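Q: The chain contents come next:
There are 2 protein chains.
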Amino acid sequence: MARILYTLCGTDVTRPFSPHCWKAVMALAHKGLEFEERPMPFTAIPELEEGFSKIVPILCDGEERVADSFAIARYLEEDYPDRPSLFMGPGGEAMARFVEGWSQTQIHPAVTAIAILKIHDMLDEKDQAYFRKTREAALGRTLEEAAAGADEARAAFPARLQPIRHMLRAQPFLGGDAPLFADYIVFGALQWLRIVAGPVPFLPDDPVSDWFERLLDANDAIGRSVTAA
Amino acid sequence: MARILYTLCGTDVTRPFSPHCWKAVMALAHKGLEFEERPMPFTAIPELEEGFSKIVPILCDGEERVADSFAIARYLEEDYPDRPSLFMGPGGEAMARFVEGWSQTQIHPAVTAIAILKIHDMLDEKDQAYFRKTREAALGRTLEEAAAGADEARAAFPARLQPIRHMLRAQPFLGGDAPLFADYIVFGALQWLRIVAGPVPFLPDDPVSDWFERLLDANDAIGRSVTAA
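The listed protein sequences derive, respectively, from chains A and B. Numbering-wise (the working numbering), the first sequence opens with residue 169 and increments by one. Numbering-wise (the working numbering), the second sequence opens with residue 169 and increments by one.
Careful: at least some of the hints might be erroneous.
Unchecked claim - Far from chain A, some chain B residues (derived; all Cβ distances over 12 Å):
1) Ile172
2) Arg233
3) Tyr243
4) Ser271
5) Glu293
6) Tyr298
7) Ala314
8) Ala316
9) Arg328
10) Met335
11) Asp378
As the list claims (entries may be wrong) - What the simulated footprint calls covered on chain B by chain A, stretch by stretch (three residues with Cβ under 8 Å from a Cβ of chain A suffice, anywhere in the stretch; the number is not a length):
12) 255 to 264
13) 272 to 280
Everything labelled a hint here was simulated from the structure, so no lab data went into it. On a predicted model such as this, the values are computed, not experimentally measured, just so you know. Glycine is no exception: its CB is placed at the ideal position from the N, C-alpha and C atoms.
Whole structure, please, built from the sequences with the hints as guidance.
A: Listed below in structure tokens is the structure:
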């Protein structure tokens with residue numbers, strides 16, 4: 169197949185878990201484009217495609233190579249304009265950057281606090297050493313110290329979703345009546361948590377839970393191809 | 169003039185301060201539409217326009233009446249399609265609802281904690297009684313109890329702006345290269361704080377401060393028509 173998406177996995181190649189890779193998977197599925205997913209360990213990524221990128225997702229689409237989930241979404245929108253839109257106009261593309269800013273500064277740190285040791289434990293020995301070294305340098309503490317806040321982070325998690333909950337009073341998706349790339353940005357973060365650390369903590373009768381279930385069902389339920397931990 | 173915008177003020181009619189009303193002011197200015205602003209005390213609002221709405225902003229545009237800032241933005245976008253767009257497409261309109269959700273659940277409570285007693289003190293006696301009664305019922309505590317967290321809320325305020333800071337790495341406005349209604353949603357919250365409680369607390373050399381200054385300059389600097397407290 170001419171379209172390949174490199175993603176991230178631990179020792180179990182059937183459980184790719186990276187939030188950014190899930191954004192790209194959903195974007196490709198949204199466009200109705202077939203692709204072969206190739207999940208890779210962290211330490212194999214710099215060798216892929218002649219050292220094209222240090223990070224995944226990497227999309228190889230015929231002769232084209234694109235790394236970074238947002239860049240992939242923009243590439244797909246531009247190169248496949250006749251397929252369903254991921255942004256629904258320039259305003260939607262611009263504001264998806266704010267959704268990305270919110271997700272990465274408010275949701276990703278919480279998922280990290282909940283799941284960092286579980287991620288470590290999914291990796292092979294070589295990746296574990298790489299993961300520990302890079303994450304401990306970034307966090308300024310050991311993985312075990314970071315994981316000490318996991319229960320607290322889990323309890324506080326539903327409150328972090330308040331902006332989505334408020335938005336859902338007006339419409340069923342960030343994209344309005346149907347999901348757009350902005351939905352997949354937040355979905356990716358919650359899917360990461362679901363695959364690595366089990367069901368996402370929601371409020372009782374939480375409309376955000378309903379929204380997440382709708383996204384698990386979207387695009388031929390590709391999000392359900394990996395079960396919750 | 170046929171176009172009237174009712175907004176909110178305290179005893180000083182020259183210092184309208186409502187975040188929602190500032191969103192509507194910026195939306196009208198963005199569209200290049202002239203209007204007469206009529207700032208009103210809280211307790212006068214239910215009498216306006218034959219009891220049309222319990223809340224401001226209320227826009228009267230010839231025969232049309234619209235209340236609620238988002239509804240006003242949608243009305244302007246639909247009725248003045250040849251003027252500069254407030255949403256840049258349906259994706260931008262939908263995602264502005266998420267920006268609203270973020271602003272109202274993450275920024276408004278912080279502004280309330282910082283400024284609630286200062287707002288009270290700006291009002292006339294009748295409005296003070298109304299404000300105390302409704303806000304204490306909503307908050308479940310006295311205004312003085314709520315204001316006890318003001319210093320802490322002020323110190324924590326710059327961190328609340330982290331999603332904007334992250335987004336500004338990619339582009340100068342939520343709307344992309346130029347401001348859209350989503351920018352005005354967040355601007356309204358910060359302008360409310362600025363008018364009621366003085367300069368917005370930012371980080372040193374904060375790109376969010378630069379963004380806010382750009383919005384104070386936007387639309388013929390209409391945001392600077394009221395000085396910081």
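Q: Indicate, hint by hint, whether the structure satisfies it.
A: Verification of the hints:
1. Ile172: holds, 26 Å
2. Arg233: Arg233(B) is indeed farther than 12 Å from all Cβ atoms of chain A, at 21 Å.
3. Tyr243: holds, 16 Å
4. Ser271: At about 8 Å from chain A, Ser271(B) fails to clear the 12 Å cut-off, so the statement is violated.
5. Glu293: Non-interface label stands for Glu293(B): nearest chain A Cβ at 34 Å, farther than 12 Å.
6. Tyr298: Tyr298(B) clear of chain A: closest Cβ-Cβ about 25 Å, beyond 12 Å.
7. Ala314: About 19 Å separates Ala314(B) from the closest Cβ of chain A, which puts it past 12 Å; holds.
8. Ala316: The claim stands: Ala316(B) keeps its Cβ more than 12 Å from every Cβ of chain A (closest is about 21 Å).
9. Arg328: Check fails; 10 Å does not lie beyond 12 Å.
10. Met335: Given that some Cβ of chain A is not farther than 12 Å from that of Met335(B), nearest at about 4 Å, it is violated.
11. Asp378: holds, 16 Å
12. 255 to 264: Our answer is that it holds, as 10 residues pass the Cβ test (under 8 Å) against chain A, meeting three.
13. 272 to 280: holds (count 3)
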